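Build the full structure now, drawing on both the sequences and the hints.
The chain contents come next:
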Amino acid sequence: MSDCAAHLARLRETAPLVQHITNHVAMNLAANVLLALGASPAMVHAKEEVEEFAALTDALCINIGTLSAPWVESMQLAAKTARHVGTPWVFDPVAVGATAFRRETAARLLELKPTAIRGNASEIIALAAQGSAGRGVDSTDSVEAAEQAAIALANRTGGVVAVTGPVDFVTDGKRQAKVANGHALMPRVTALGCAQSGVVAAFLADTEDNFEATLAALVSYAIAGEIAAQRAQGPGSFAVAFLDTLYRLDGQQIDTYLRLEMSDEI
Amino acid sequence: MSDCAAHLARLRETAPLVQHITNHVAMNLAANVLLALGASPAMVHAKEEVEEFAALTDALCINIGTLSAPWVESMQLAAKTARHVGTPWVFDPVAVGATAFRRETAARLLELKPTAIRGNASEIIALAAQGSAGRGVDSTDSVEAAEQAAIALANRTGGVVAVTGPVDFVTDGKRQAKVANGHALMPRVTALGCAQSGVVAAFLADTEDNFEATLAALVSYAIAGEIAAQRAQGPGSFAVAFLDTLYRLDGQQIDTYLRLEMSDEI
Amino acid sequence: MSDCAAHLARLRETAPLVQHITNHVAMNLAANVLLALGASPAMVHAKEEVEEFAALTDALCINIGTLSAPWVESMQLAAKTARHVGTPWVFDPVAVGATAFRRETAARLLELKPTAIRGNASEIIALAAQGSAGRGVDSTDSVEAAEQAAIALANRTGGVVAVTGPVDFVTDGKRQAKVANGHALMPRVTALGCAQSGVVAAFLADTEDNFEATLAALVSYAIAGEIAAQRAQGPGSFAVAFLDTLYRLDGQQIDTYLRLEMSDEI
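Chain order of the listed sequences is G, H and V. Position 114, counted from 1, in the first sequence is what my numbering calls 214; the numbers after and before it change by one each time, with no gaps. Position 39, counted from 1, in the second sequence is what my numbering calls 139; the numbers after and before it change by one each time, with no gaps. Position 173, counted from 1, in the third sequence is what my numbering calls 273; the numbers after and before it change by one each time, with no gaps.
Honestly, the hints are just simulated from the structure, not real lab data. Please note that the accuracy of each hint is not assured.
Pairs involving identical chains hold if they fit within one copy or between any two copies, as the list cannot separate such chains.
Under the rule of at most 35 Å between Cα atoms (straight-line distance), these lysine-lysine pairs were calculated in the DSBU-like manner [what the hints assert, rightly or not]: (1) 278 <-> 213; (2) 180 <-> 213; (3) 180 <-> 147; (4) 213 <-> 147.
Note that this is a predicted model, so its numbers are computed, not measured.
Put into structure tokens, the structure is as follows:
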């Protein structure tokens, strides 16, 4: 059994509680993805309860896809609590390059040192302040073009950074890996990237190696996408098959499908 | 035709308008479940319009899954209006044990005497103030352990209380029943419980017996789940099949599948 | 290739960015519908960023399904910006007849001259202030009964008005057309009408004829529904098939299925 399969087995055994402050488009899918995988999602974002909940959750996922001023406050409170009690938290900088409000919110969240960051290439480039032209939520840059930005971000935050796309790239500033699995239908299902950030949080809930755990999350997700596409006729049936596949995903499938390019040194 | 089938036939004939103030994860599914079944859902939660709408709806469902201060105010306004004009309303105390904000909100809503309460075992125990340890939204207690809490709650509110799980339990403090239908995939689809609370509201819209109507809602839902699972390969295809099955559910299926344990006296 | 097919081909070529301020029930489906069709959706509604984003989007869709005071402010800011920079914007007056809050919000948005309005018959009648009795979000009036209201609205706003139902009606005050495609399962899937308003916005993003573009949006949608129904067993499988069908829809299917009643003069 590969390391990735072992991480997945541990996730199912511990069924971590994963608090989300995520966008309105992603909430339902993110919860279904985590339930299918074997984790326990909870969407909690009111400032009146966000700290109390963040102190008891096993992992936290913050996503700026659909911002509002009250939620920005809650995101900061939750991330501070997570950092204070030592709970891993994942930051998903959706469309961070599009508006000043997003850039400022992201900058303040970055100061709270996310355990991992997951975004598409345009988002990672914009977050590392290298001036991407991304307007919307879909990437207009290649993953390769974002590699240096990802390494710089990892060094700045001390966390893991994952750039997802046709080939995923993940780094902790010292190690890096590329995951060549996945399928072209994945970006045709809204919020599949956002939901993946919650999956990274779930894998980080109980691990001693954040890089390995994030990598296992990317691998599981991309392989599930690849298998699901075999019974898909378009994005509708793909999304259904994807949840079924996550639910049934096992170590043998991971070992069979895995196409990893690993390089320990940068 | 059983009583349950008669309640379902009446729902389809009257197509009740069911106002929801429900959580962000559940909204879409709850609306689709009601449309599939034959009712007419409406999500209306702004304090500027919530009383006006609550005065014209046929039933109301309030769910505290994703709280915020403005919505807590709207929930109270809507429940007060429903009570004032005699419209049935259902309370779904999602994750009520997790934070003080939820406990306080729930306590105030309980004072407005919900016509029915539907929750999982951990939620019903926490609501009855018996100190459950539930952290997240998924139950950590058995339905059986929540029976006394349910009866106590029913006596306190004068309403019906339903505890859903592998075997559902429903009581109005005088009568009780258990529904042994359902399927293990149901808790793997997010918000399926939340959507069920809306279904209870729809069944309560036009009935002379709230206990019987709630029981019919539980039975229809659990049997639809059981039938849907026959064509499911996981939670994704289950959710799709569940909506199809609700749409086609008929009295003969209910009579064929029904596994009810009834006991009129407590 | 018909005009409708040409409009669809152009949409896929340009992949327009379509900003939505839409309701909580519709957000996920609206995004998936646009992605399946080939456009790029973005849900952005905070007043802190709504003008900045509206200045860079290719089209805007505003939907009052789940209102709140902060969003009403954002809707006005976004529509004003769209009008100022000349970006097409679509107004979807969900349940406008139900409450004073909706009527007042809609009246103010109408003053900002939407490029197109799309609603069901009850909504269009209520919006034209002809006193519909619609309580909820589902239509209680026939499309035919809304034709005069649609023409009056089109003349008042100078824009296109579409009434969708069993047979869709569209007019710009001078021209009119009826689309006889579609399927009875479509109103059984929540927010399918709301998502259609986003599709109209996507078709309007790059066109010289707003009437023709709106008509092409209605035609594509209704034909996709008709084809999808062939593999549906109920509203669950219909929704899945509908996304697959939008993804694969081609000009030949449009030409084969099209049932248009066109009349250039009113």
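For each hint, the structure was consulted:
With identical chains, the CA atoms of residue 278 and residue 213 are at most 35 Å apart within one copy only, with a shortest distance of 23 Å there and 50 Å across copies. In this assembly of identical chains, residue 180 and residue 213 lie within 35 Å of each other by CA distance solely inside one copy; the values are 9 Å within and 38 Å between copies. In this assembly of identical chains, the alpha carbons of residue 180 and residue 147 lie at most 35 Å apart whether taken from the same copy (13 Å) or from different copies (25 Å). In the homo-oligomer, the alpha carbons of residue 213 and residue 147 lie at most 35 Å apart both inside one protomer (20 Å) and across protomers (27 Å), since each shortest distance falls under that limit.
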